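Q: Residue strings, one per chain:
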Amino acid sequence: MIKGIFNRSMLIGLILIGAVVFLALTAPWLAPQDPQKTNFDQRLLSPSSEYPFGTDHLGRCILSRVLFAARISLFIGGSVIGISFIAGTLIGSISAYAGGIVDETVMRFVDGFLAFPSMFIALAIAGIFGGNMTGLIIALSIVEWTAYARVSRGSVLAVKNMDYIAVSRMMGGRAPYILRHHILPNITSPLLVISTLGMGNVILAAAGLSFLGLGVSSAPEWGMMVNEGRLFLQSAPHVMFFPGIFIVITVLGFNFLGDGLRDIFDPRDTKQRWRLF
Amino acid sequence: MLEVKTLDKSYSSSTIPFRKKSVKVLENISFRINKHETLCIVGESGCGKTTLAKCLVSLEKPDNGKIILEGRDVTFPDRKTLSFLHTKVQMIFQNADTSLNPRHLIYDSLAEPLRLQGQNEDKVRKRVFQLLTHVGLSEEHLHRHPHQLSGGQNQRIAIARAIALHPDLLIADEITAALDVSVQAQILQLLKTLKKEMDMTLLFISHDLTLVKRIADRVAVMQDGKLVEINDTNEIFHNPQSPYTKELISSMARLSLNSHTPK
Amino acid sequence: MLSIRDLKVAFESPQGPITPVDSVDMDILDKETFTIIGESGCGKSLLANSLLGLLPRDAKVCGKVHMDGKEILSLKEKEWRKIRGNKIGLVFQNPSASLNPVFTMHNQLYETLKYSNKPSSRDKMVSLLKKTGIKNPLRRLSQYPHQLSGGMKQRFAIALGIATDPEILIADEPTNGLDVTVKLKIVEMLSKLHAERSILLITHDLNVASNLSDKIAVMYAGELVEIAPAKSFFEKPIHPYSSQLLASHPEKEMIPIPGFTPQLTQRPHGCRFHPRCALACRKCKTEHPQLEKIEEERYVRCFACA
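As given, the protein sequences belong to chains X, L and U, one line each in that order.
In case it helps, this note's numbering puts the first sequence at residues 1 to 277.
In case it helps, this note's numbering puts the second sequence at residues 1 to 263.
In case it helps, this note's numbering puts the third sequence at residues 1 to 306.
The set of hints was computed from the structure by calculation and includes no laboratory data.
No experiment lies behind these values; they were computed from the predicted model shown.
Treat the hints with care, as some may be off.
Distance condition first, Cα-Cα at most 20 Å in a straight line; then the derived EDC-like pairs of lysine to aspartate or glutamate [as the list claims (entries may be wrong)]: (1) L:LYS66 x L:GLU121; (2) U:LYS185 x L:ASP208; (3) L:LYS226 x U:ASP179; (4) L:LYS192 x U:ASP179.
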């Protein structure tokens, strides 16, 4: 169905993301040094042939840390989106399909979540867990899932009243069957779009939280690395620069992909055009 | 074979508890459908004919009244009665574009009623091919999506799907309203053949009186939720009783192919 | 007053170039109601849009259209704007979708009138609405589209079309989706407009066509296959498609035309109708017939009829 319809935005996104994923996957082999190995007589060195990205204030190789941090960021992003997608879609779809008082109640519940400023919730929860990855993932999931609930609910409401749903009921189809076979395939497009755009947001948020010290602290993480380099902005800017640029590339990549996907899904097939006649 | 007794239905137009304004969509509807006949329900948009049809297949629930199918009360069916209802009555909708899932292949749309009955995949396959040829389409159409076929072809698929479980009563809700006149003729001829071959009763809903005159045994006229008149086709068209029926017939005559609006 | 010669509209598609409108020749006289009859996919709406320069950007148009002697197809967008909505009015399909839901009826009329520098006073608007049979025009002007019934929206769409007093009004499926009593009223209203200007009516509804037209042109697979005065057309259609089309009407024998309308990329060789034609002969399969005059004011594209 989508064969052959690639647009520029999507392509750029895929290339950027592909590069980052590749680097993340091959980090153990690609990284020249152990990312945690400190070397006090090699501190704050500028990029060189031995240390292509230079070293940080503890003498660790920035390139290696950046590569390993990619794994962390993608893992966090993937987990948060995964959890949010599943929980949010389930809740939103069932709520919308059930309708009536169930729908109203669930939506008020979701509204409650949305009433709190997302960053504060994330900060609070991450803070409670101290600075570790699990806390970060939980915190960000709690904030993200509502988007999926809303989007899936909107799509389900649109699809719910289609004749083919009525036909299915008329032939004996019951709610779980209809949700799985009819509704789900028709709501995936907008969900896919917000998933890709969401990845970018989550990675950025994770970096932000780590920057503040509330995220990952034991392993290298881009945001955390940017924070560490803050003190050396004047003397050794490369410490901040490299993790920062990777954040930019990754988030941009996901944004391009999401935009591209949205343009594909959102004026529909080119086949629709011929219906002008 | 089907009897409807004093059916009522209202919709409330607001969810705010103290400001409900109810609209009567069906009011005191009573009629019978005889086995093997073609009964046409005519009326203009908003008269409630689609809601009535949906009540007959239990897609909507009436407020009061009874629907009795072959002696069984199917007004508020439990699971077993619902199952019975599904095998006896099926409905075809006006727009084939929205009655077929755009993401499914035609094969899957046709297979659905069979799969829901629990038939195994081999049997399903055979029956799908049978149904396809029965409505005059060929195998290549199976592997396509609805948007790749024309309105007329999609409507044939919808008909094939509706007859998959051998219903006794087929309800057709404005099924040709969105189709060109020559395609309409094709679909109606198909319907006529199928009705005969499969020994079905047909409830045909339409706003096109000329069409109804051609195909109906009896005609029921609806206006604003009420059943205004019901009679044999000949009687309705040559001896209309209610003023509304007379108005409809005169409009139809004035727009006839043979008339020319004075210039 | 409107003369169309060899009009073609083409697009590039993944399967190669397609021509939904293929070599159309026709003339519309002053104050004549000219109707193009055709089924879905024959290209008639595209034809109407091309007369207003409203085709999508990747459409390739060629041919000549002369209005009052002036060629209009090759005009630049700036000059089109003087003609479009001004000298050529449009009543678009499906007013429920084409009226802006966030503007009142007054605003929509105002926009149209102001844009073509015509007087836009309330009185003018009221008289316009009265002309199209809208009761309580003052009240309606302050309403939004969703507050009007389907028939009223259609009347309003017609009012928008004639607001600038165009010399020719193009009405694209003006009775689609309307109940029969409403349809009758719209048809009666349109026939009153008949004496004032030329009307190009596009429809697939044979009843509406028979009641409003002076001349009929039948379109099939992108070409005109028959042109005739309305009366003689309905009494005796000549082209096999025309006669089979009429025969499939419920008021006639309701005999379906076998087969399907050809897809844009799968048009038959020779005569495009031949696979479905009862009179097809060998020549029809290989040679493509041209539109030929066979009687006074009657043209047919068919070997079997010439």
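Q: Now tell me, hint by hint, if it's right for this structure.
A: Against the structure, the hints:
no.: 1; hint: L:LYS66 x L:GLU121; in the structure: 38 Å, violated
no.: 2; hint: U:LYS185 x L:ASP208; in the structure: 16 Å, holds
no.: 3; hint: L:LYS226 x U:ASP179; in the structure: 18 Å, holds
no.: 4; hint: L:LYS192 x U:ASP179; in the structure: 25 Å, violated
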